[in-house]
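S.K.: Protein chains in written order, with the working numbering: chain S, 52 to 539; chain X, 14 to 263.
Treat the hints loosely; a few may be bogus.
Straight-line distance between alpha carbons at most 25 Å, and here's what the computed BS3-like set of lysine-lysine pairs gives [said to hold, decoys possible]:
1) S:LYS512 / X:LYS113
2) X:LYS164 / S:LYS483
3) S:LYS323 / S:LYS199
4) X:LYS67 / S:LYS483
5) X:LYS142 / X:LYS164
6) S:LYS404 / S:LYS512
7) S:LYS169 / S:LYS101
8) S:LYS413 / S:LYS438
9) S:LYS438 / S:LYS410
10) S:LYS512 / X:LYS164
11) X:LYS113 / X:LYS164
12) X:LYS138 / X:LYS203
Keep in mind that the hints were calculated from the coordinates and are not lab data.
This one's a predicted model, so the numbers in the text were calculated from it and none came from an experiment.
Residue-level listing of the chains:
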Amino acid sequence: MSDATLTKKTEPKPEEFTNNEYEAGFVTDIDSDTLPPGLNEDVIRHISAKKDEPEWLLNWRLEAFRHWLTMSEPHWAHVQYDKIDFQSISYYSAPKSQEDGPKSLDEIDPKLLETYEKLGIPLREQEFLAGVAVDAVFDSVSVATTFKGKLKDAGVIFCPISEAVRDYPELVQQYLGSVVPSGDNFYAALNSAVFTDGSFVYIPKGVRCPMELSTYFRINALNTGQFERTLIIADEGAYVSYLEGCTAPQRDENQLHAAVVELVLLDDAQIKYATVQNWYPGDENGLGGIYNFVTKRADCRGPRSKVSWTQVETGSAITWKYPSCVLRGDDSVGEFYSVALTKMRQEADTGTKMIHIGKNTKSTIVSKGIAAGHGQQAYRGLVRIGKNADGARNFTQCDSLLIGDTCGAHTFPYVEVKNPTATMEHEATTSKIGEDQLFYCRQRGISEEDAVNMIVNGFCKDVFNELPMEFAVEANRLMEVSLEGAVG
Amino acid sequence: MLKIENLHASVAGKEILKGINLEIGAGEVHAIMGPNGSGKSTLSNVIAGRDGYKVTAGSVTYNGKDLLAMEPEERAWEGVFLAFQYPVEIPGVNNTYMLKAGVNAKRKHQGEQELDAIDFMQLVKEKAKLVELNESFLSRGVNEGFSGGEKKRNEIFQMAVLEPSLALLDETDSGLDIDALRIVANGVNKLRREDRSIVMVTHYQRLLDYIEPDFVHVLADGQILKSGDKSLALELESRGYDWVKEEAAA
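Chain S with its partners taken away, still in its complex shape (with noise of 0.2 Å):
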């Protein structure tokens, strides 16, 4: 969804072509109501307050907090970094403009329209990609959602989840929490406690839903985190295509986003969903970027529900994240594809989790790791099937390529089979963009640079071949790979 990175198709020296320009690290100059930095239950109360929510969900949030209290900071992952002071991150921001709520279209401030317009995403209905409907999330809160009259007529709610639990507090009470718990771990209760936005979903029973969704978060204000809170419902027998995207400004320091989503699959249900991650990435000494730690898990409780996750992570300075799936429903499927590109001093430690508990579930995992510079890249994938899964199925194929030789690839795959009958398959491997394969392009006429990233989206292509056609295009561009001493 980040159109953001408009590739400027010039033609650079090798020298010059180290690291492409992050195209969407400008700040937009907004009037924002900010609270200062630090966490207590004085500034859950005011979020719930803001946001005028019911009494259930501040006793949530504030039993996630004191839950969270009790945990501490995981380091397991493949991941270096300095300690995160979470008394100096300020954990709400929002444009004034916006302090009522998002508005109708016309009424939006202009400076957001156009950093969103700078972003590749107009926000005007008649103006936007046909068949896609954006909830653009600003910092803390959701600016504008369109095309939500056209959903509403085929039964669909698509909207700021800070609205749902206003409009739909039964769905919401429901579901919220039911499939990532807020003690799930510590940043999903970090999450619980201080979520102030992101999307929600309801796809009513038997509706395919008739155009594809998506969410575009920005992260503008400095020192703030962007914590959102994502929920998807699938009744029975619905379907949905939803995407995300996300980009942030060129700041030295970091900052920190810690989102949860969650994805409902009752019977029959389908949901495929495409992140596009742009994070600022940091510069190429590590300074600055952004910590994406997420948690993604979807439930497919319902039997032959599906669910896909695709995800291309090209930015960020940590990415921590494994989107998972729960198949509990007999025959259920769950797909997870993945393209993580590390370069400079990124460092990224993703995969997914398949648990099988439902019998004949089936889950693909394809997992490719680019590393370039210096950046850090990290596999790590449970496939679990447990008792009661007969017939389970998994197949994992996952693949990373280096560029150059002073960036790292891992691969931790993690396997607990308790049923006798299933089958599982396993293929790994690790190349180096082989001196031989960039001189037969450039003996071809192909420059170095082109000839780079043409072998890095050849690898890619499984995975970008999962998502739509507009956001595949987005993605080849995203993956241009910088080549200084690429090659040895």
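Got chain S sorted already, so can you dock chain X onto it with the hints?
M.R.: Chain X alone, transformed into the frame defined by chain S:
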């Protein structure tokens, strides 16, 4: 066309080429033969500009330009083509897509308009017939899962599409059975033109039965020891290389 003078080159500090002198005129077909390790492949790689081959002395002039000063892709744009001895696989990169990028980079360099997808497909289908390459190969990954013979055919197909003025065929015959050899050789013969020079590097006379050279050179221990016409190849076939070395040493 191509003039190589006193060319010395080393790989990993070891001198492989020890003073090559060779002149190739437009439209000529030259065969370079020699025992294993004589420097045949090194010569093709140096001309094409592969990294890791260090030129320590001498010059290579191509159409009046200093070839050694150019990047590999610039050499390609100027019309130098290398059919690889071991064509590499590039998974996921569509064969036609890669070739189109190459053709259009060259056209751009020459100030010509780039070909669009439709015109390019037409060109490619026409050229594929030349080496009897099944169209299904066009949409596969570059050399991905191709047999040895298919890879070599793909090389000559690429040559046909890129229309080079200097084609270096590095052991294009190795690993081919008789039928495949005939098909590849027929393809090359159809690509012979007055303004296109071809240099074939080979171990065996066999290839020369199909593609008749104007000149044959014997390369041994980094130097061209003897040059002649195609009868020299026949003589090598029956007598081996030792007599050439002895003659040169005398």
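S.K.: Each hint needs a verdict: does it hold in this structure or not?
M.R.: Hint check results:
1. S:LYS512 / X:LYS113: Holds, at roughly 18 Å.
2. X:LYS164 / S:LYS483: Judged against 25 Å, a Cα distance of about 22 Å means the pair holds.
3. S:LYS323 / S:LYS199: Given pair LYS323 of chain S, LYS199 of chain S holds - Cα atoms ~20 Å apart, limit 25 Å.
4. X:LYS67 / S:LYS483: Given pair LYS67 of chain X, LYS483 of chain S holds - Cα atoms ~23 Å apart, limit 25 Å.
5. X:LYS142 / X:LYS164: With Cα atoms ~15 Å apart, LYS142 of chain X and LYS164 of chain X stay inside 25 Å; holds.
6. S:LYS404 / S:LYS512: holds, 22 Å
7. S:LYS169 / S:LYS101: violated, 29 Å
8. S:LYS413 / S:LYS438: This hinted pair holds, its Cα atoms lying about 15 Å apart.
9. S:LYS438 / S:LYS410: Satisfied, since the Cα-Cα distance of roughly 10 Å is no more than 25 Å.
10. S:LYS512 / X:LYS164: Holds, because 22 Å separates the two Cα atoms, which is no more than 25 Å.
11. X:LYS113 / X:LYS164: Holds - the C-alpha atoms of LYS164 of chain X and LYS113 of chain X are around 18 Å apart, at most 25 Å.
12. X:LYS138 / X:LYS203: The given pair, whose Cα atoms are some 16 Å apart, holds under the 25 Å limit.
In terms of the numbered hints stated before, the structure departs from hint 7 and from no other.
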